[in-house]
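Chains as they are written, first to last, in my numbering: chain B, 144 to 1037; chain A, 108 to 337.
Treat the hints as calculated values from the structure; they're not laboratory data.
It should be emphasised that the depicted structure is a prediction, and the values quoted were computed from it without experimental measurement.
Careful: at least some of the hints might be erroneous.
[Claimed, not checked] Pairs of lysine-lysine, DSSO-like flavour, derived with a Cα cap of 30 Å:
no.	chain 1	residue 1	chain 2	residue 2
1	A	K154	A	K212
2	A	K224	A	K289
3	A	K313	B	K882
4	A	K266	B	K882
5	B	K268	B	K423
6	B	K882	A	K212
7	B	K937	B	K808
8	A	K289	B	K978
9	B	K226	B	K249
10	B	K268	B	K249
11	B	K480	B	K423
12	B	K937	B	K978
13	B	K978	B	K808
14	B	K742	B	K808
15	B	K444	B	K480
16	A	K212	B	K937
17	A	K313	A	K224
18	A	K289	B	K882
[Said to hold, decoys possible] Stretch-level coverage of chain B by chain A, calculated; a stretch enters the list once three of its residues show a Cβ under 8 Å from a Cβ in chain A:
no.	region
19	877-887
20	891-900
Here a beta-carbon is modelled for each residue, glycine too, at the ideal position from N, C-alpha and C.
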Amino acid sequence: MMTMTEPPRPSPEALLEATRHEGRGRLKIFLGAAPGVGKTCEMLTQARARQLEGVDVVIGVVESHSRPETEAMAQGFEVLPRKHSLYRGRVLSEMDLDALLLRRPKLVLVDEMAHSNVPESRHPKRYQDVEELLAAGIDVYTTVNIQHLESLNDVVAQITRIRVRETLPDRILDAADEIELVDTTADDLLQRLHEGKVYTRIQARRAIRHFFRPGNLAALRELALRRAAQHVDRDVVDYMQSHAIDGPWAIGEHILACVDEHPASAELVRRARRLADSLKADWTAIYIESPQHLSLTEAEKDGIADTLRLAQRLGAETATLPGRDVADAILEYARQKNFTQIVIGKPARRHFRGLLSGSVVRRILRQSGAISVMAVSAEGAGFPEKAVHTRPADSTDYEPYCFSALGVGLTTVFAGGIDRLVALGTGISMLFLIPVMVSAVTFGLWPALFTAFISVMTYNFFFLPPLYTFNIADPNNWLSFGVLLFVAVIAGNLAARVRAEADLSARRACITSELFHFTGRLTGITQLDDILWATAYQIASMLKANVLILLPDASGRPEIASGYPPDDEIDAQDMAAANWCWDHGQPAGRNAETLPGAKRLFLPMRTGAGLVGIIGLLRMDEKGMMSTEEQRLLDSLIDQTALAIERCQLVQKVDKAQVRAEADKLRVAMLTSLSHDLRTPLASILGASSALMSGHGVYNQAQTDEMLGTIREEAERLDRFVGNLLDMSRLEAGALGVKLQEIDLADVAETALERVRRRLSPDRVQMDIGDVSVRADPLLLEQSLVNLLDNAAKYTPAGSPVRVQADVHDGRVSLTVTDEGPGLPEEDTNRIFDKFYRAKTVDRHVAGTGLGLAVARGFVESMGGTLTASDREDRSGAVFCLTLDAETAESIVS
Amino acid sequence: MNVRVPSILIVDDEPQIRRFLRVGLPPHGFICVEAANGAEALKIFEKDKPDVVILDLGLPDIDGYGVLEQMRAQALTPVLILSARDDVAGKVRALEAGADDYVTKPFDMEELLARLKTALRHGLQVAGELPIFTTGPLSVDLVRRQVFLRGEEVHLTPKEYDVLRFLVQHAGKVVTHQQLLKQAWGAAHVEDVQYLRVLMRQLRRKLRPDETVQHILVTEQGVGYRLLLL
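With the rest of the complex left out, here is chain B:
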């Protein structure tokens, strides 16, 4: 008997997905780790290939950022004119969506998908334009940088310290038919950045410096690689499902993220998304609307709605459910809908203000059964939780009162038991001091007074005749009642005060140690940026506030220099407050006397020398006022920071002053050199030529020849000087365009020698180079050698020999030029390589430019070599040693 096995059928979801794609344009995303990796170029290259296949390709929008290479590549495509609109007096241009839809090409190129459109455009975001194009059946090629991805927004901000505002929902990337990763190494990118080939939207210098750190780039690159790999994974799964290929399927993981009003909820949602991604699972975000919801502020309610919207954008289903008990509601929902994992926020401190308080988490953990529970820590996200609590426990907290009442209840039962066994009479009242003391020590004054009150009432009710009334018959009992009341109040008060003091000193000790560490950290930092970052982080964590630090910019106006969480934006009202605070050196903004309408409070940071900057605070809770203790803490933090900033600025000033002094010295040297080296040859030329012109027949042939010789030599000298000046400016402008290649050293040396033939006769030079190849730029190397030989010719006695010799050691070639002149000047052997420096011979300046050696060293260094000078050991004379990389690979000649 044969068993017929039915062939596996494609899963209905996969087929549905496939049909959904038909009639819809295909989306290909070129994903990069950072600006400048070459996404646009890659997109254009591939579009070109499609165009050659005969596909109708149109450029919707391509940002060439005036890079010629990109512009050249974009040529030959039809470019749809952009739509211009006037917004706040500026003309802005955007992709013309309607024109594209009308034109209906097969493929549109849309650069920078995360771009935000001009306000009042049809869609606020460019990716929405792309979606509309896709829906119209038009294929789209687009580019995006990994830092724009919504689910990575926090991670990227943590890595780069920059908050990216233009975000792209993950679902867009997920829905792409193809993702191509455009990858380049961090080193290459930095190189391109230095060459000015990278344009970036982050214009602030600080931001660029932070953003393009090798570490950051490596991290971003990893994110991009991972994200692209994930997508490939998903493609394979889709393909296998739609072709009914059997495989080890993850058994329908289903994740439930529970959000509440705590600011860390956003991070929780992102975590859940990443978890869902790695498990290829569906996920849902819920909020349980318990009775406590009514007591939330409007801002908190808004926050919950924002978090749920974020979850939606990240691809989650969302739900808000009513429920009396949060833990029960979550668990019931999870079981009903077959969730396999629950993600909840882990309370970071005991009195976590929020629905998911300790008990809720504990209960979910206990009762979750087969469902896995992941408790996400709030630390590291949103606000760092520190051990320092500068705010007193919330006065509306009812827990202490409940516990106190419970304590009194227990005491009553216990006292009742004892009373049955042994008649203690009024001694029972002593027992009621126990809960009072316990409450006072544990919870503080008010719970203690409350306990004292109910203790006394209970004692009266249960133990003083007439029993079970609040009346007292026996005057004796009045006394014991009174004593109990008195003792309870006093003891409670004392105990509470002891506790309060203990708390306070613990807090102070904690703050002191934090401050101590902070100060220690600050002194270790030399970079201004790092100081600001450390300060912002410290204040944010200790005061639970958004912190901005503003320093004066070049024009002396305050400008955001750092912030925690990383933030670069500030509204007009806050800016006004910041400006006022800066101008007057007085606090301004929220809770201050000036401009209280602003969101933030701005405080001046000053040192003995004056105002160095200002700091802006935005408290997370609604209470704006600070306690005296917080005020003191903030003051000392600000003082420390101001000093650190001042120290840093002083160091910079000293550096600048030194640079300026050097520059001054150089300018004087340059002017001397220019006037001397330009004027002297000109004087000779003018003098000799005018003499020849005026004195017809006066000079004999020999005299005429000599004067003509002078004119020629001086003109040549002038030419060399101008050549050196040009070389120097090319060096300083970084416009050398070094092209390293294999070079025959002997060949270059001979050419150089040929060029100095007139000044240094070849029979004075002993060449001992042999068969050596170096890796260098032929022209730069030749000029360097010419300058070295010129230098030897200038500073050595006529006719003395000059030796040029080459050696190879460990892959480096060293070429030495040895002369028999007076050797190096004693003062400073290294100064001979300074611009416009000239060694003084006995009584006159040698006719030189003072640039030759500086140019030679600059050229050699630009080829990755070194040029040094020393005195000869065997006799007087100088040795110049030039080293370069050897070229070892020999090509085969046939």
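On the provided structure of chain B, position chain A as indicated by the hints.
Chain A alone, transformed into the frame defined by chain B:
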């Protein structure tokens, strides 16, 4: 033989340079015609058919390369580039576009005259080739493929001979790397400058007459090589 005084078209926008050439060149047996811009130069070039052109690359109206191209489209008249631009890429570009040689400003009158004579010789001798070529200590028998240095035969590999013969055919003129590579290795190898470098090093060693005098094979760094006419 036709003893005609060769005419030179001088194209330069600098009046001083034109003046100096106008005065300096005739005593050496040239007639000078001048043009201050590209359009004028092309007009004269077509009308007067000069024997050699001295062309400045930086002209006010048409780019020097453009002038060169248009002249090349009409005739094989030798063109000598005169330029203050000292960049290798520009020189190579001009040579590849058909210029015969270049001189960088400021220049030596002797040098200019030598280049002019070489260029003219080529212009006049495009067809005829002597069977034995001699420059300084070097002589090359182009029929028997033999090379002599001071009368002693030097043995060259076939590739070395190919390169040398090409240089001999363009003696006195700079020949670019690409031209030599194309000649000796074929068009597919025009980028393999390394081959040429190694070969030239060997060739230079074999043809070295004396340590103290200048080598007859001159390296023009980054551009190519030149066989000196002595």
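These are the hints, each one checked on the structure:
no.: 1; hint: A:K154 to A:K212; verdict: holds, 28 Å
no.: 2; hint: A:K224 to A:K289; verdict: holds, 27 Å
no.: 3; hint: A:K313 to B:K882; verdict: holds, 29 Å
no.: 4; hint: A:K266 to B:K882; verdict: holds, 27 Å
no.: 5; hint: B:K268 to B:K423; verdict: holds, 27 Å
no.: 6; hint: B:K882 to A:K212; verdict: holds, 24 Å
no.: 7; hint: B:K937 to B:K808; verdict: holds, 25 Å
no.: 8; hint: A:K289 to B:K978; verdict: violated, 44 Å
no.: 9; hint: B:K226 to B:K249; verdict: holds, 21 Å
no.: 10; hint: B:K268 to B:K249; verdict: holds, 22 Å
no.: 11; hint: B:K480 to B:K423; verdict: holds, 18 Å
no.: 12; hint: B:K937 to B:K978; verdict: holds, 17 Å
no.: 13; hint: B:K978 to B:K808; verdict: holds, 11 Å
no.: 14; hint: B:K742 to B:K808; verdict: violated, 51 Å
no.: 15; hint: B:K444 to B:K480; verdict: holds, 26 Å
no.: 16; hint: A:K212 to B:K937; verdict: holds, 25 Å
no.: 17; hint: A:K313 to A:K224; verdict: holds, 28 Å
no.: 18; hint: A:K289 to B:K882; verdict: holds, 22 Å
no.: 19; hint: 877-887; verdict: holds (count 5)
no.: 20; hint: 891-900; verdict: holds (count 5)
Consistency note: the structure conflicts with the earlier hints numbered 8, 14.
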